[in-house]
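Asks: Residues in the sequence shown are numbered consecutively from 115, following our numbering.
None of these hints come from the bench; they were simulated from the model.
Keep in mind the model is a prediction, meaning the values are calculated, not measured.
Beta carbons: idealized from backbone N, C-alpha and C, even for Gly.
Don't take every hint at face value.
Claimed, not checked - Keeping only pairs whose Cα atoms sit at most 25 Å apart, straight-line, the calculated BS3-like set for lysine-lysine is: (1) K123 x K148; (2) K155 x K123; (3) K148 x K171; (4) K123 x K171; (5) K171 x K155.
Said to hold, decoys possible - With beta-carbon atoms standing in for the labels, derived distance ranges: (6) A217 x N153: 31 to 39 Å; (7) A199 x S144: 19 to 27 Å; (8) A130 x A190: 40 to 48 Å; (9) F175 x L120: 30 to 38 Å.
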Amino acid sequence: MTSLSLAEKNREIAEAFMAGVHSNNVEHFSIIDKVVAPNVKCHGFPGGNPTDPESYKNWFFGFRESFSNLEFENTAVIVDETAVAVRWVVSCDHTGPFAGVDATHKRVTFDGIVIYRIEAELISEVWLQINELLLLSQVGAIGQAAA
């Protein structure tokens, strides 16, 4: 049996993380405790950057208070020995207040990119870029944006 390359191991870590936090079952957020470094550095998170596994879970819980019935698709994944980059698309239902707008119960779709830096088999730094303009326009927080 051959061992996994570091890049392949990083892909496995990122995929396990994404499967957990993108699950419709919030109990799967426990993956954060297993694969996120205690002093994780996060950048670009709407509403504030998580600084540790607990605040990372709270960020996802907050998102789920506004959006449910998530369907994620990873459209591109790039890996190397230090990082995993993922372009994704999510569709979800706007079922709670978000950005000052009460639930519209509309199905919204938006995309983004995330880069995970992985060190010692833990996610140690995260850069998140969400297409916030598209999301905010779909929930009615701002004028309509072109898709």
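Asks: All the hints need checking, so say for each whether the structure fits it.
Replies: Here is what the structure says about each hint:
Between K123 and K148 the alpha-carbon distance is near 14 Å, which keeps this suggested pair within the 25 Å criterion. A distance of roughly 21 Å separates the Cα atoms of K155 and K123; the hinted pair therefore holds under the 25 Å criterion. At roughly 12 Å between alpha-carbon atoms, K148 and K171 fall within 25 Å of each other, so this suggested pair holds. With a CA separation close to 23 Å, the supplied pair K123 and K171 stays within the 25 Å bound.
The hinted pair formed by K171 and K155 meets the criterion: a straight-line CA distance of about 14 Å does not exceed 25 Å. For A217 paired with N153, a C-beta distance near 35 Å keeps the hint of 31 to 39 Å intact. The hinted range of 19 to 27 Å is satisfied by A199 and S144, whose Cβ atoms lie roughly 25 Å apart. For the pair A130 and A190, the beta carbons lie near 18 Å from each other, so the given range of 40 to 48 Å is not met.
A hinted range of 30 to 38 Å for the beta carbons of F175 and L120 is consistent with their spacing of about 32 Å.
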